[in-house]
Amino acid sequence: MLGILRQKVGGATGLSSQGLGNHMLRLRPVTSALRNYSSATKEMTVRDALNSALDEEMAADPNVFVMGEEVGEYQGAYKITKGLLDKYGPERVVDTPITEAGFAGIGVGAAYHGLRPVIEFMTFNFSMQAIDHIINSAAKSNYMSAGKINVPIVFRGPNGPAAGVGAQHSQCYGGWYGSVPGLKVLVPYSSEDARGLLKSAIRDPDPVVFLENELLYGESFPVSAEVLDSSFCLPIGKAKIEREGKDVTITAFSKMVGYALKAAEILEKEGINAEVINLRSIRPLDRATINASVRKTNRLVTVEEGFPQHGIGAEICASVVEDSFGYLDAPVERIAGADVPTPYAANLERMAFPQIEDIVRAAKRVCYRSAPISATAS
Amino acid sequence: MGLARAIQPLPLPPLADSRPKPTATASSLFLGSTRTLRPSNTFARTHTRTRSISSAQRRSAVAANVSDVKLKPATNLLLTKEEALEVYEDMILGRVFEDMCAQMYYRGKMFGFVHLYNGQEAVSSGFIKLLKKEDSVVSTYRDHVHALSKGVPARAVMSELFGKTTGCCRGQGGSMHMFSSEYNVLGGFAFIGEGIPVATGAAFTSKYKREVLKEADCDHVTLAFFGDGTANNGQFFECLNMAALWKLPIIFVVENNLWAIGMSHLRATSDPEIWKKGPAFGMPGVHVDGMDVLKVREVAQEAIGRARRGEGPTLVECETYRFRGHSLADPDELRDPGDEKARYAARDPITQFKKHLIESKLANEAELKAIEKKIEEVVEEAVEFADASPAPSRSQLLENVFADPRGFGIGPDGRYRCEDPKFTEGTAQV
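If you read the sequences in order, they're chains A and B.
Here full-length UniProt numbering is used: the first residue of the first sequence is 1, the next is one more, and so on.
Here full-length UniProt numbering is used: the first residue of the second sequence is 1, the next is one more, and so on.
Because the hints were derived from the structure by calculation, they are not lab data.
Ideal placement from N, C-alpha and C gives every residue a C-beta, glycine not left out.
Hints are supplied without guarantee of correctness; some may be wrong.
Computed footprint of chain B on chain A; a stretch qualifies when at least three of its residues, placed anywhere within it, have a C-beta under 8 Å from a C-beta of chain B [as the list claims (entries may be wrong)]:
no. : region
1   : 81–95
2   : 136–146
Simulated crosslink set (DSBU-like; lysine-lysine; CA at most 35 Å straight-line) [stated by the list, open to error]:
no. : chain 1 : residue 1 : chain 2 : residue 2
3   : B       : 361       : A       : 82
4   : B       : 109       : A       : 82
5   : B       : 361       : B       : 133
6   : A       : 79        : B       : 277
Given these sequences and hints, build the entire structure.
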């Protein structure tokens, strides 16, 4: 929960006065020391974090079940459900035929009656075949029934660009689901996020769209004893300040948090002190944390892999323009995926998605540093 | 009402015709049709449960449902020598090409998900080699070989897989998305069931051209290929209904390789006999040994003929097997109940067909060797071509998103904005 503590402090600082920014600076070495310290304690992959969260919630509540393609005997297409079939049996780890529309709707029907389904999409791309149930059945039932029928369901699976799989298998749904009333949309980055947010999602009384990232599954992150505790949950709708800084705010989610942190390291060498916000939740969006940070740094770069138009960056930008316009010292920079379907060819694909250099360049631009324009296409 | 009555439960028929039948009897509408494969025990159990519909009953259902259809007796089922060698060459091309893909994937020349077709060649070659260039093929993510059978040059497919500009989709589509307007390969659909409505739309177009646009000679046929997993998906049923309702010139070709990734067909479906869904929607449903290219071709000939004559759609279930995992990333640990892989490997469609060609004196060993050698050279050349081809230029990134890109990615001077020096300032700015 360190992240949340720090974030509260950061929020208060930013909103009260610029002077306290220096105080935040002094905290930074402490932060990095903590990071080193915790890595010495225990590491956990995002995959294991998700797996253990599912396992614990299934053990704690017999109403929780997992349903989807290849979740059982195959142990999950990405092995997130590994071992669960043996432990909980085929009645609670349900292998389905390839019928997203069918099993997503079945999940909603089960949730109507108090079960807590965790519906796995092999990738979120396939959720398009079930989007009717996610939006029309799951998201709107509580409203349409005047609050009498809530839908405690989780739709989870890998989201966002993968590598080399072309246009249909490689895109971010954050913006899509982020615009739907009645849905909560979570975007874990680290193992701590994955565990804490998935457990909260399963316990939440409302439909949660839980967007994981295939390329993060195998990554290890340090986890504290608190994170490993079976009661560990993260609040839905709270961002985490992953790295404190005073010169520019970089917002990111999922895999892009890692890119933003790497960009911040590069920027630091050049004397720019970037603050990196891990959104964790796209809906509700933690406007308070974002705005507090922007009021402190006066500069904002948003990063996402989704398409630029009507995306997460656009929403964050609107929020900052609405709440903190007077604090901005530079136009907001939005970094997003290119406005094209994902190309297959490796060099085009790389160009279509934000790279660390793009974040560095944008951050320098908002700080009025000159950025040499690269002429190479990777 | 006639339809409903025909499908009413009938008295249980004798079980006699669950045994193998000679293919060329008058009792079978589709001469290659068989219904007695699937040697696994699990299937035997299910089969016992479901054999309440005999082929006689099936025929009556079909006859009732398509009562205005006059099925011509299929004639001249034998292959000419040229046809036989063409089919053999196509099967070899499919196999050698896919083996090469595996090598190139492991060498890092292609990326992402690469789904290989090994083992299923009899279906692609058995069907597609009967088509005209104007006929359409709609495929899935396992689409390389369908594209090759339809005539897309091996070098164009290989180059696409390498992500090069000389690929059939200029490197933009990739392994799962082969398109060729020239050869009427209408994709490469990566989601289950997606291709079926699109294929049905292609068939709809043929009918529309004939009936509305008065292009009397438009007899184009569409083949929709998909797997057993898709046969549980709603889009399949929706399109069976519309295709039968409107008598569209389409053949639904199920490549039942018994496994959807690691999900056994028998575990995923309430009635494993997919062909039965045809009669349920008022079209013939046929089961055929998909490891036997001759039988596939016989059935295909009849089904394509029906479609071309305007007699409506057909559902063909080809029982086949993939010799490799779902994709090259699949550890493939679940598929092998009862030595399943060995049993199907023993029925390799290429080995079987080769044996047939030699035994029936349609070709001799030397002729077949020459074909194999030729194909190896074709595939080698395809790799060299792909390797030597240029990667897409960066200006290509914004191309082809729209047929009319005005307002998108194009500046007021008509130039793509990626030619703008600000292009690299952030991907949002392209």
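Cross-check of the supplied hints:
With a cut-off of 8 Å between beta carbons, the region 81–95 of chain A has 1 residues touching chain B; three or more are needed, and the interface restraint is violated. With 0 residues having a beta carbon nearer than 8 Å to a beta carbon of chain B, the region 136–146 of chain A misses the requirement of three or more and the stated coverage is violated. Proximity of residue 361 of chain B to residue 82 of chain A is assessed by CA-CA distance (about 54 Å); at most 35 Å being required, the pair is judged violated. For the given pair, residue 109 of chain B sits about 31 Å from residue 82 of chain A by alpha-carbon distance, which is consistent with the 35 Å threshold.
As the CA atoms of residue 361 of chain B and residue 133 of chain B are separated by approximately 30 Å, the hinted pair is consistent with the 35 Å bound. For the suggested pair residue 79 of chain A and residue 277 of chain B, the alpha carbons sit about 34 Å apart, so the restraint of at most 35 Å is met.
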